[in-house]
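Could you fit the two chains together into a complex? Lean on the hints.
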Amino acid sequence: MPQILAHASFPEKADRTLSTPVQEIATIAIRKLYKHYGTTSALRGIDLEVQQGELFGLIGPDGAGKTTAFNILGGVMEATAGNALILGLPARDARNYIGYLTQQFSLYPDLSVEENINYSAGLRLVPEDQIEARRTKYLTLMQLDRFRDRLAGRLSGGMRQKLALCCALISEPRVLLLDEPTTGVDTIARREFWDILASLTAQDITIVVATPDLDEAERCDRVALMYDGQIQQIGTPAQLKADLGLQRLVIRTSALFKTEQALLTLVQTGELADVSTLGDRIEVLTPDAQLGKKQVRDRLAQADLDCDRIQPEVATLENVFTTLLRRQGSVPQSLPFPRSPPESAITPASTIAIAARDLNRHFGNFHAVVDLNLDIHYGEVYGLLGANGAGKTTTIKMLCGLLPISSGTMAIAGETGDLRSPALRQRMGYMSQKFTLYDDLTILENLQFYSGVYGIPPRQQREKIRWVLAICGLEGQEHLLTRQLPGGWKQRVAFGASVMHEPEILFLDEPTSGVDVLARQQFWQLINDFARNGTAILVTTHYMNEAEQCNRMCFMVAGRKVAEGSASEIKAAQPGQLFELRVAQLQASYDRLRQHWEPWRVSIFGDRLHIVLDHSNQELPQVESLLQSANLPLLDTQSLPFSLEDAFIGEVQRAGGAPP
Amino acid sequence: MLNRRLFALLIKETTELLRNRQLVIFLTISPVISMVIFGYVLNSNVSHLRLGILDQNQVAISRELIDAFTANQVFLVDGYTYKQQDLTNQVKRGKVDAGLIIPSTFSQDLMQTGTSEIAVEIDGINAYSSGLAKGYIAQIITQFNLDLLLQNQPISTGLEIPIQSQITFRYNPGTLDSWFFVPGVIGTIITLSAILAAAVEAVREKDQGTLEQLLMTPVASTAILISKIVPISGLLTVTLLMCLVVAYGVFQLPFRGNLLLLLIFSILYIQIGVALGLAISAFSKNKLQTILVGIFITIPIILLGGAVTSVSSMPLLFRWIAQINPLYHYLVILRGILLKGTGLEVWWLHAIAMIGFATLTLLVSAHRYRKQLS
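Protein sequence lines correspond, in order, to chains A and B. Counting with our numbering, you get residues 1 to 660 for the letters of the first sequence. Counting with our numbering, you get residues 1 to 374 for the letters of the second sequence.
No wet-lab data here; the hints were simulated from the structure. All the given hints hold, so there is nothing to weed out.
Per the computed footprint, the stretches of chain A lying under chain B, defined by three or more beta-carbons under 8 Å from a beta-carbon of chain B, are:
| no. | stretch |
| --- | --- |
| 1 | 439 to 449 |
| 2 | 453 to 463 |
Which chain A residues stay away from chain B? Per the calculated CB distances, all over 10 Å, these:
| no. | residue |
| --- | --- |
| 3 | Glu-49 |
| 4 | Glu-114 |
| 5 | Arg-148 |
| 6 | Thr-265 |
| 7 | Asn-551 |
| 8 | Asp-636 |
Ideal Cβ positions, reconstructed from N, Cα and C, are used throughout, including at glycine.
Same shape as in the complex, but just chain B (with noise of 0.2 Å):
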């Protein structure tokens, strides 16, 4: 009998999860898009940089200066001018993401004392931009001037440049950005997904008004509860297979661990997701409540996960927070897993707090809901 009132439930449940569209494709094209846009977007190398130039000496040295620039696709020439004035004003207007100056005193300077000066102007408004602008163009210059010395003396002086760091990238020897943003892309999706698509699935009942009717039935509210939890959680793991069919396929990401592990604690994942969003759904009273409280809660858990920016480069207090964060233990798994081939014996105390984060949101959300229903 109750196996019955369960099958029946679950049959609902499932027809009508199958049959709102938007959801259906809020759950399962949606994240692929975003995951190949973020996973470009989020992207923190820099090149292709617009330059603009105002050469004042136009001679050969100051052309091979400007060719140094140009020359590894960090900048691009956007354009010459030939005011300061009109320099300062594309940077103004963001028409170019630099200005270089070379005065016309350049190579005569550089001829007769052996120093000279150049500008530059960075638009600063992307701090984390144009602070690498800075490193390239700091970088470009220093090879310009060893190019310039060894040109100019004699091989005899010896001139060596002391300290070469031998520098390796493990784990992402390309240090390729998308490597470290597609599993927090991945992350944030899933938390997105799971606790609105939940939050919302669960507070229907109660929005168009079949709460009533439902609890006027002889069905336990256990019953409902797993009705309520099963057929989202499976849709949702569907949403985060599709999510690592376009880690390996478009962004090639390595898959190194076990596959098992990574599937059992993504719906370890799921399922907290999915009881937050339950809880949400008990506080709140209609569907555009419970949306507004989901993203309130979701925004925190994304940001101070470590999914757009690294935990470890958090203050202090944001440190201790994260620990508190489901997220956070799921994206060390996450990319402990993808990238680097890790397993339990490795993370073992983020598996415990995540299967304690788990027990813990289900067995709360549970109380809330059934206490909602009686």
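Only chain A is shown next, with the shape it has when bound in the complex (with noise of 0.2 Å):
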């Protein structure tokens, strides 16, 4: 892949031939635009510049105008005041030097890679005698080639979003837009996707690109943030959280629930910034490291609480976003859900709410799940994480009881027999993947629907329905068509659907993809609550910043089991050690190091490289002497703590990598 890269012809600036003198003036030029639909405004007023070759983050929660922004800048819609200027031309007229790819597939299933490759090129007019130049070239890229004939309907997530990139790059663009092209991808196709994004950049092709996920907006070389059709804050990663002034203190303690009503008070009194449980551990924003250590040992010293350890880490971007937010007080309500009687917990026989033993599930010769054992109590988060294709939803729909085993055993709250009977399913909750509501009907219907067939008695129904309006802060809106409901708020409601009749086990399949970061948040809010009021929950994520919320998670390989603890015990576990280098040239350092050692041990973020090293005694001073003999400069050297993404990363790797 670095040769390739390295033979690319793409035009180098002395090349470029437009009319105005085009190294003057930023890539893209954005001043002071607006769009209006009707009454609503999507844009109001945005100023932006990005620079050649720059790879440039937009993230905002739903609604924000980030995909506005992009209709725009991809000449695709008109502003209704201000202008955006690519390239020093109007937006509509530079779209010949535009890559975009929507949120939609712009791919055609039925036809193959090629020609899928084939037919975009024809539409940009790329001269024949380069069409199998630059498919062979994009091909390889994206590790493709092998699959040439295959049909694009066939592809796994991210080999669509790649071949869909391979589309937009075939007619050379010098600008790519890309509107959440991670969205629906796996964690390892998702980061191999950043890694060729940051190889493009590395060729002067500028990108702009919208994510919902802020561990991927790290790897920006700057980001905005879009919020109610404005940029509230713009910068590299680091100066944001720089900006932020607050520290994030990671405290462990076997009691979160008490630790964190607990620290409450101060978030209330203003010592603290912001207090939040996550999965194992929670997590507090202060101004100060030490002066907010002290403040929360004082105060849980009072509590009469103890804690293990308190460890000041860096704030994330997600801190700064979600701060921001709180700040412009768009903060989803959360209500205590309405229980029946009010506040009864689940008081099982048994604390193992679902077991299971040696699961086997085999689709003709694929075997999807293999001896898969599972324990999960009552009270807990568990996650199940893996890539696409590693298994997961087969599991959750064998322990749902829509798929058949194979072989093996399984007890659903105590139950062995038949794990189809309407009592069994009165007692569970599930939400699938998408679409769990019924588009044509408005969301009061749905939600009268839901709670009809769980036979919720009429009073507590209205006053369920009252709830779940409250917390989606869908009031006064219940007469919408559930079609018309932007994809988060879709899943709101549908989360609330699902639990109405308060299930003692509930399943969530991927629950918050296309969530935003404050509905995410709140999303975790609820299932905590949940948790806490006894109910066993199953999720399964590919997002590895919310795997961090559950109590313990397990990842799947190829249908097995290959980890499995609490966020932390995983990220101990993991062997090696991950460095981050501050080189002086980025891509260059990047392909130098992937050729020594295996290619998902070297990633880009940001200006940053990051790589992990298994015995780092031995292997740092090669990583020093093997760029130093490229001449390219080593600036810094800086261990880091794992995070979930790298360890799971690394247990996927060692596992024997993902499925195709």
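Structure below.
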């Protein structure tokens, strides 16, 4: 891959023949951009400049105006006021220099990989004699060359997005606009995708990318936080985190809920900026780490609580983002769930809600789930993590009784016989990956339907529906047709619909895909609230920052469980060490290191390199000499703790990698 | 508990059904329009055929002959030509349906030899109407000949036409084609609507991905099945009633038999259609597949069921096949009640066949549908 890129023939700066002196103006220049749809304004005065070769991230909650901005930049939509210049040209005239990946799949599922590319090349008038060379170049870059003849509809999510990127690149655009390109793409494919983006910017392609995932945003050169049609903050991830002026304290304790309650009083008095529970720990934001640590210790001593460890860490982009939105006062409400009878906790006979022994599932020759053992307790949030095709959804469907098992035994809520009996279903809740609501019904009708089929008595029904509407912030809009709701809101209503009957066991299959950060936080508050009341919750996800919220989790690779434990346990169990390298020539150093170590060990994060080394004592000097011999200066080396994503990728790669 | 769940399901299905504007229009307004259109179009009476004329004789008797052609509106004179080549061209291009050629020696031959010849060219593309045109022409010429004979022979020869038939059309005294076709169109519409609408409605749950969520609720599969059958059958009954209103109001069908029986067997037939639709949905993965399979199954049912052509004029093999076509039995009953006023005593065998079909299709499709649910 690096070799291919080295030979890529992108036009050099000097070759560019545009009438205007391109070098002096920004590649993308947006001034006072407004867009109104009827009475709603999607963009309210945006100013933005993106320089050549920059990887620029656009982040914000649903409805912040990201897609509108993309449509205007892509020349698909006219702005109401203001102008958007690309390479000095109005966006509409610059379309030949732009590759635009919309949120919808732009591929034809019944055409093969190669035919899709040929089609795009034809549309973009790529000269015949260059198509083959470019196609080979980009397919090799995306590692899709083995799949030339496969139908696009039969590719995995990650491969499809890479193919879409190929189609956008075939005309060799100088600007790439990517609107949430990694939604529905699993962790491993996502990291690969971002590595590709980094190598493209090294070729002087300018990339603007929207993402709901703030871990991804860390990998951009600069990011803009959008909210309510305006850019609220802009800068490098490091700048933004520094500007936040807050430190993060990670508190380890066994009494999570009580500790959080105790510390919340400090938030009310303004001593701490924020307190939140994250899986097996509590995180606190404080203006000053030392002072904050003392305040926390004092408060916990006062409340007669002890904690194992308080550890200061740097703030994340997510902290920046949520703090900003909290100041805007746009945090979703969280209300206690109206239980019936109020505050009754589930008191089951056994503590284990879901037990699976040697679970297997075959689809023809394909062994989707292999000898899986699970024990999930009441009151526990358990995460099932894995790449696409690792067997998560198959597992959850077997546990739900939607899919027969090939062999093994299961006990759900103590029930081993008929796992499909209405009596058992009444005690279970399920929210599938997507579309759990009826689009043609109003929100209210949907909620009435689900409370009806779960046999909730009419009086409680009203109360519960009110609760769902309140947590979703949809009071007064319950007569809206569900199809009119944005994806994130739909997910929240769907969650409400699946918990109204107070299930003992809750299955959530990727509940937060497409949900923005704030809504995701609220989701987790609700999930934790149910767990505290004794519900056993099984969640699948491929967002690692979300997985951190689980009390326990397991990683699945090719149908097998490869690691299990709390997030901290899994990270601690990782062999080797993670290093952050500051280098002068990012792309060249990256390519050089990748030739020596397995590719997954090296990745680009913004302007830094991350490398995972198993034997740092011997390997670190090796890194230095390797870069030195190629005349690539290494400015700084720093050891970093593993993130859950690093741990996940490490586990998957050691277990033999993700399926193609 | 079960009843409340079923109630919730029924409410949901009904709301979804009624909110599906296209489907509601497809089931209420479009049947009326197609009834009217097909009722008129599938009319096999031939009239107003365009006639091209090449009259090379141009005398009184040749003009009389032309008048005989156009007297009863069967033919309308489209134009005169003066060369045979032109007339042949007009027929070829479809400008006229038939061309009449009267040679220049027509009246002379008639006077001298007592016989003469004319030529008629007919566009035979539409075998049905051209056949009828041929019949009309033969009739017109025969009548013209008779008139000529009567005029020219002395009365004393006592020329009489030997056999004169007295044909009485029972049940359809005006031999209105619409009386045959309208029940056929009703059968077609009900078949098409019931199978396609039920299939599309039932597959929607799968299509939009809500089926799994529904299966995770504690509702019984029987309740789901009932909720898929009842609302759509209700709407289809409305379709049927609208068709009957058009049949009565626009085409003045006589409605001679027992209306209650008509309703019972029509609803029974709707059930057969809905059951077939459910079965199709259980075999299909998405909406498009459902519609394609639905159309594939519906067309032979309609064509071989006697909706547009009479089953009794089909080849023997197809007459046998018609016996396993529910539409055939329904149409016998429908035409019997509407046109003849017959009751169970006449078509009880067909009635038993229909009840058999309804039971069988409902059982099979319920089984298929439930199998897909579990």
